[in-house]
Amino acid sequence: MDPQHLAALEQRHGFDSWRAPDTEQDSFFVWRYLIGGRELPGWRPHRIQRVDAPGVPPGHHSIWQRTDGRGRVLLAMDAYETVSAAAARQLMITLLAEFQSPLVERDAGLGDVGFTVPGEGAVLLARGNLVVLIRNAGEETLALNDIARRFDENLRSSPDGRMPWEEAPAISRLDIAPGPARVGQPVSIALEAAAPTGGDLWFKLFGPPGTIETLEGGLRFTPAIAGPQEIVAHAITREGAAASRTLRLDVQPTAE
Amino acid sequence: MAVRVEAIQFNHDAAGGSTDALSIRRNAATPATVPEWQHGVSTDAADSPVAYAIEETRGQIVTLRVRFRRTDPNLDSVEIRAVDPAGSPRGCLDALLRALGLIPFLPAPSNNVLGAVRPRSVSFRPDDLTDFETFELDGFRIASAGVGVYETRWQWQYRVGPLEPWQDIDITAHEVFVTLRTPTAPWQQTPLSPGNTQLPWVDVLRHACTWASGASTADDAAARITRAVHDLGPDTIEYDCPGGGSTRYAFPSFNATAFLERLAGGIGNGRYVNCTDCATIVSTFANAVGCDLWQSRMGYFFGLNPLLAIGSSTWQTACNWGAFSYHEVAWEGQCTAEEEVFDACLQVDGGSDPTAPPHSALLPASLRFGEPGDGDYRDRLATPAGRPSCEPQTATRQRRSVF
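If you read the protein sequences in the order shown, they are chains U and E. All the letters of the first sequence, read from the start, carry residue numbers -13 to 242 under our numbering. All the letters of the second sequence, read from the start, carry residue numbers 194 to 596 under our numbering.
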């Protein structure tokens, strides 16, 4: 990205105030994200396409039609999985650089960080390490903030487990390397799961204050506070069937 | 018939394009088949697409490689040729009937820019096939035909001796794309492999060569493509006012598959586009016919004169925003103020005062970017106060790959 454009956008959108995620809040992380087709209630996907390009995190681009077929309304939803919440915020700036309108504004009610345009015809939000862009794509348009909020609520909620158990995946491993976890020191998380049909899985991780991120394809957690803590991992199939497992760890204060 | 055409290979030198056809593929998902025409597989012209570049083939003897099969085992070797069935000599009676218009059931004259296939003799192997034999084209006339999409039909004929009459065998049909030059980046010519999605796509050439039809120079071709893309509005695409003028088809790479779906009347990525999309569409399609354009930005945050955004008939600053945070166009050379832009995203005021009515629409196609006060593209797009902030940002110059 052009440094001059980057600097202009950072200044315009007060990037210094939201560049760094708040590590005192509980952490949330999405791993191996995929759009399965149930993310937007009342809508069905026309196309879901994985997009890989140099210099940009892996993404899914999707186009959605109303399930009831009413109106000439289409939604476009793009989602990018970054390596960390901090990387997600950097990607937000990159995506803001794709808006020609000078009227894009921060919206405190969307995601960890969110932006919208007048009329709410486009919403850009970051939740954890996931960046989502929802826009109108059809002749008739909708205000999208509510749709984006519902997507976000669904994203950061625990799976409800209403899918038949026989379709649920199985988490076979969730642990960390032996030895004490310490504040400020990253520990690797081993997470393995499989779907009964052998299909694709994605994961949500809810953790205590700190940073969950991926490094060279593996997960790691850097605790921000000491004490007994839990990381809850959910493995989710494309159809929405889920399994959960909890990792308990006793985080020690920073070594003297 | 005692002999039949088994396969025709137009692109027989993967590294070249001066004496044979260009390396192409169907689209992102489907590679082209080589040989391009195959017995039992190819039935109409669209089944056998081929592309040639005017510049590279100029003055060259263009060849193709053909394999035949005998069904009469007594034939050891025969002489083979192919002629235009519409102009095929069939004797005096045929000529007379044609002149009198009494044989209307024969195929109409084909749009044959490849000419005829010069006769040569071929020998059959014990397995009844010939080798892939090289044939020269006679009357290859893509330069005079110009950029476009054509159909060549060939009546293949054989004879067993120089004094024997020619016998008709197969008729083959081929969709021929004529470009000015070998396509430029993001399009590639090598490697010629099924996994190389950056080989020129037939589905793109079909539009690009039609849009640029009749062009004799790169600027002319790019201008025609710019006009064609702009004219897709408002029926097929329009400027993204609802979404803040955000990129729909060209981030992070060019989703040409979705755009082609849109062109075919499908949903694609929806109806909205912004300047980045238009710059990418124009440059990618223009480069498919041999132009040499880039996508590059100007900016940042500058005031706008009234303009007509793609799909709009209302003179106003884009969506009444008053300004652009950036703008992107298809651009020549180093994408500096001295070079020309091709902007399908909007029409500027081409009159003496672009800041005020009356407005006269000008599509910026082959228009110099210019310095403030030059009266070129920059002055027509940006307000007098905004022009200093509407600087060419040459660091953004790129050609997005296609998928």
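To be clear, the hints were calculated from the coordinates, so they are not data collected in a lab. Just to be clear, a hint being listed does not mean it is correct.
On the chain E side, residues computed to face chain U include the following (Cβ under 10 angstroms) [unchecked claim]:
1. Pro435
2. Pro445
3. Thr450
4. Glu454
5. Gly458
6. Gly463
7. Thr469
8. Ser506
9. Trp508
10. Cys512
11. Gly515
12. Glu521
13. Glu584
Glycine included, every Cβ here is placed at the ideal spot set by N, Cα and C.
The hints, checked one at a time:
1. Pro435: holds (3 angstroms)
2. Pro445: Holds. Min distance 4 angstroms.
3. Thr450: Since chain U brings a Cβ to about 8 angstroms from E/Thr450, closer than 10 angstroms, the hint holds.
4. Glu454: holds (9 angstroms)
5. Gly458: Check failed: Cβ of E/Gly458 comes no nearer than 14 angstroms to chain U, outside 10 angstroms.
6. Gly463: Holds, because the Cβ-Cβ distance from E/Gly463 to chain U comes to roughly 2 angstroms (cut-off 10 angstroms).
7. Thr469: Since chain U brings a Cβ to about 7 angstroms from E/Thr469, closer than 10 angstroms, the hint holds.
8. Ser506: For E/Ser506, the interface hint is violated, since the closest Cβ of chain U sits about 16 angstroms away, which is over 10 angstroms.
9. Trp508: It is violated, given that the least Cβ distance between E/Trp508 and chain U is near 18 angstroms, above 10 angstroms.
10. Cys512: holds (7 angstroms)
11. Gly515: At about 7 angstroms, which falls below the 10 angstroms cut-off, the nearest Cβ of chain U leaves the hint on E/Gly515 intact, so it holds.
12. Glu521: holds (8 angstroms)
13. Glu584: holds (9 angstroms)
Checked against the numbered hints listed earlier, the structure breaks hints 5, 8 and 9; every other hint is satisfied.
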